[in-house]
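Student: Sequence:
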Amino acid sequence: MRSRRARRWRGNDSGDAVAWQASPPALIARFGELVPHDPRIERRKMFGYPAAFVNGHLFASLYRAGLVLKLPAADRALLQSGGHARPFEPMPGRVMGEFVLIPGNTLPHGPVMTAWMTRALEHVASLPPKAPRKKAVRGG
43 MRSRRARRWR GNDSGDAVAW QASPPALIAR FGELVPHDPR IERRKMFGYP
93 AAFVNGHLFA SLYRAGLVLK LPAADRALLQ SGGHARPFEP MPGRVMGEFV
143 LIPGNTLPHG PVMTAWMTRA LEHVASLPPK APRKKAVRGG
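According to my numbering, the sequence shown holds residues 43 to 182 in order.
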């Protein structure tokens, strides 16, 4: 059996494989610093990347060498119009609607990035809590 890191999946209609890529260690450390200290936040991994959730919903995550944020339409448009972000497309042709990807090497420092993380947190915190998943019963 292949390791989790060696797995590949179909990346597009042509069948080209897309390999999983780890986030740079410096970006992982930065993400850890950027996630607000808030008791509502749950930190866990999603698809092998550090992620932050509130009320069961993802609001921020790393993906390869970038930061993914879930933001309202006006905020997404603002970031994209300035060339600071692009729609989050984990696989070609599969855009995740409310998410943007900000390249990790262009993340601003100081209060600007803190403000965007807070906007993502508050936007997602305003959504109704996600219903807990039912655990599968395994027969045996």
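Derived by calculation from the structure, the hints in this document are not laboratory data. Mixed in with the good hints, there may be bad ones.
[To be verified] Heads up, simulated BS3-like pairs for lysine-lysine below, C-alpha to C-alpha not over 27 Å straight-line:
# : residue 1 : residue 2
1 : LYS87     : LYS177
2 : LYS87     : LYS176
3 : LYS87     : LYS172
Computed from a prediction, not measured in an experiment: that's the story for all the values here.
Student: So, for every hint listed, does it hold in this structure?
Tutor: Each hint, compared with the structure:
| no. | hint | in the structure |
| --- | --- | --- |
| 1 | LYS87 x LYS177 | holds (19 Å) |
| 2 | LYS87 x LYS176 | holds (19 Å) |
| 3 | LYS87 x LYS172 | holds (17 Å) |
Against the hints set out earlier in the document, no violation occurs for any number.
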